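Below, each chain spelled out in residue letters.
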Amino acid sequence: MAKETPLLPVEDAREMALFFVVGALCFLAALATLSAKSTYGAARSWTAEVEGELTVSLPDADRRGAESARKLIESTEGVKEARLLSKAEIDALLEPNFGSRGLPESLPLPQLIAVTAEPDAQFVGPTLERRLTEAGFANAVDEHADWAGDVRRMLSIARLVALTAVALLASTAIAVIAFATHAALLARRDIVDVLHLAGARDRYIAGLFERRFWLLGLRAGAVGALLALGAAAAMIFAVHSSGARTGLLPELSLDFQDLLILVLTPVIAGLAARIAARMTVIRSLKSVM
Amino acid sequence: MTLSRHDLFDDVAVRLDGVSLRYDTSEDILSGIDLVLKPGSFSFLTGASGAGKTSLLKLLYLALKPSQGEVSLFGRPTSRLTRDQLSALRRRVGVVFQEFRLLDHLTAYENVALPLRVLGRKESTYRSDVEELLAWVGLGERMHARPPTLSGGEQQRVAIARAVVTQPDILIADEPTGNVDPEMGSRLMRLFLELNKRRATTVIIATHDLGLVRQVEAPVFRLQHGLLVQDVEYGPVARRRTDIAKAAE
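In the order they appear, the protein sequences are chains A and B.
Just so it is clear: in the first sequence, position 234 is 234 by this note's numbering, and no numbers are missing.
Just so it is clear: in the second sequence, position 194 is 194 by this note's numbering, and no numbers are missing.
Calculated directly from the structure, the hints in this document are not laboratory data.
Treat the numbers as computed from the prediction; the structure is a model and nothing was measured.
Every residue, glycine too, gets a C-beta built ideally from N, C-alpha and C.
One or more hints might be untrue.
[What the hints assert, rightly or not] Far from chain B, by Cβ distances over 10 Å, these chain A residues were calculated:
#	residue
1	T116
2	A167
3	L197
4	L218
[What the hints assert, rightly or not] Cut-off 25 Å, straight-line C-alpha distance, at most; resulting in silico cross-link-like pairs (BS3-like, lysine-lysine):
#	chain 1	residue 1	chain 2	residue 2
5	A	K3	B	K58
6	B	K58	B	K38
7	B	K65	B	K197
8	A	K87	A	K71
9	A	K286	B	K122
10	B	K38	A	K286
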């Protein structure tokens with residue numbers, strides 16, 4: 001005997017349109033999630049970098065005094081490394097303000113020491129300031145607090161935007177699926193009525209729609225995830241092959257977690273479709289006896 | 001709770017107590033209907049078009065809730081049942097819809113087998129029964145055709161086969177012979193009588209066809225202005241009585 005015909009007929013045009021919409025939403029949601037994740041990763045490393053760096057400025061010290069100050073700094077608890085900046089490095093730092101021809105020799109410049117703190121060290125700045133003062137060095141310790149604050153604020157906004165985009169896309173996909181399920185139910189009211197009057201329980205009828213939309217969500221999600229994978233790979237390839245530096249922009253990586261996001265995308269889409277279908281059908285059936 | 005055909009409360013198949021029905025804010029379609037159908041009874045429901053026959057049948061096959069009153073099947077007041085219990089009751093009721101309500105994407109065979117599929121039965125357990133039933137209603141050669149390719153009469157026979165395939169305790173038929181020729185009409189009527197006699201199936205048939213009504217000695221309920229009255233002036237006995245009276249004249 002031939003295989004049983006599904007009780008819900010396949011609706012090519014309507015389901016193709018829904019497949020396309022869900023696939024596109026999954027593609028956007030997957031890309032947004034990958035971007036959000038890379039933004040999070042980048043944010044963590046930028047903040048760590050900024051928060052671990054200090055610059056000590058010694059306005060009155062000569063080169064020898066600065067070297068002894070560097071040793072004092074390096075011996076301070078919580079300091080990983082202290083490096084006295086050369087004249088060329090100081091010139092390079094001031095180049096944006098004074099041009100590339102260098103500074104006049106007569107212009108008094110402070111000695112600068114770049115300090116890297118241990119990752120978990122606390123109150124390194126005030127400690128250095130106190131110890132240098134006690135040792136007789138006029139000093140100014142810059143913890144880059146303002147800049148770090150700006151970076152943190154910017155990263156918070158970037159995180160919020162990424163999360164909002166993911167949440168919006170996910171909820172839009174669910175709303176579209178729920179709407180489509182309802183439309184499919186209305187279009188198939190005759191079948192639902194016949195099944196209902198033949199004694200089919202609500203969960204049996206809901207199960208028909210659930211299976212249909214679970215598979216649709218799964219397939220559309222898989223296509224969306226594959227397209228997102230292709231887009232991410234293309235972006236990574238473009239960055240690497242051109243040797244372009246992305247600067248502060250987060251870079252996509254396609255590591256294990258990224259691949260996990262892509263694998264989960266169709267499963268989440270399928271589950272969302274299934275749950276939306278179940279809720280819509282059960283609610284609709286409750287309105288009849 | 002599962003309701004079985006051997007339910008202890010099965011002394012009345014159908015009971016309507018003071019049932020009224022109205023759609024939205026319109027006037028009552030049905031008003032204060034009282035009706036009792038005993039298990040194994042055979043009855044007709046007649047009335048002019050728009051009298052509310054289909055609405056009354058919808059109440060009987062639990063497609064509608066009454067605006068007032070109570071519909072009980074097999075001694076169970078349906079207003080107090082859960083949705084699963086209502087589904088269990090519907091499985092004991094076979095319905096022949098006036099507009100057939102066949103599923104166009106399924107074959108005639110699959111349409112007839114639909115109630116069995118809903119019950120979760122495997123196809124191998126019912127295949128021969130369904131094929132036999134289709135052959136009996138004269139559609140043995142057309143079982144793989146889909147409804148849009150069937151004539152009105154063929155569709156009606158598929159609808160009847162679907163209604164009786166589970167051997168229901170109650171069979172409700174809305175104009176079941178409206179689209180078939182008199183010979184097929186008589187044959188289908190014999191099927192209903194056979195179900196009624198052999199399986200004690202409670203049968204109620206809504207029809208305009210008084211010729212059909214006269215073939216069977218059975219109570220006839222008539223709907224008039226939303227009220228239900230029992231009309232005894234039909235059936236072979238009544239017809240014989242009329243014939244004798246005419247002969248005496």
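Going through the hints against the structure:
no. : hint             : in the structure
1   : T116             : holds, 69 Å
2   : A167             : holds, 35 Å
3   : L197             : violated, 6 Å
4   : L218             : holds, 23 Å
5   : A/K3 to B/K58    : violated, 34 Å
6   : B/K58 to B/K38   : holds, 19 Å
7   : B/K65 to B/K197  : violated, 30 Å
8   : A/K87 to A/K71   : holds, 19 Å
9   : A/K286 to B/K122 : violated, 29 Å
10  : B/K38 to A/K286  : violated, 31 Å
In summary, the numbered hints that this structure violates are 3, 5, 7, 9, 10.
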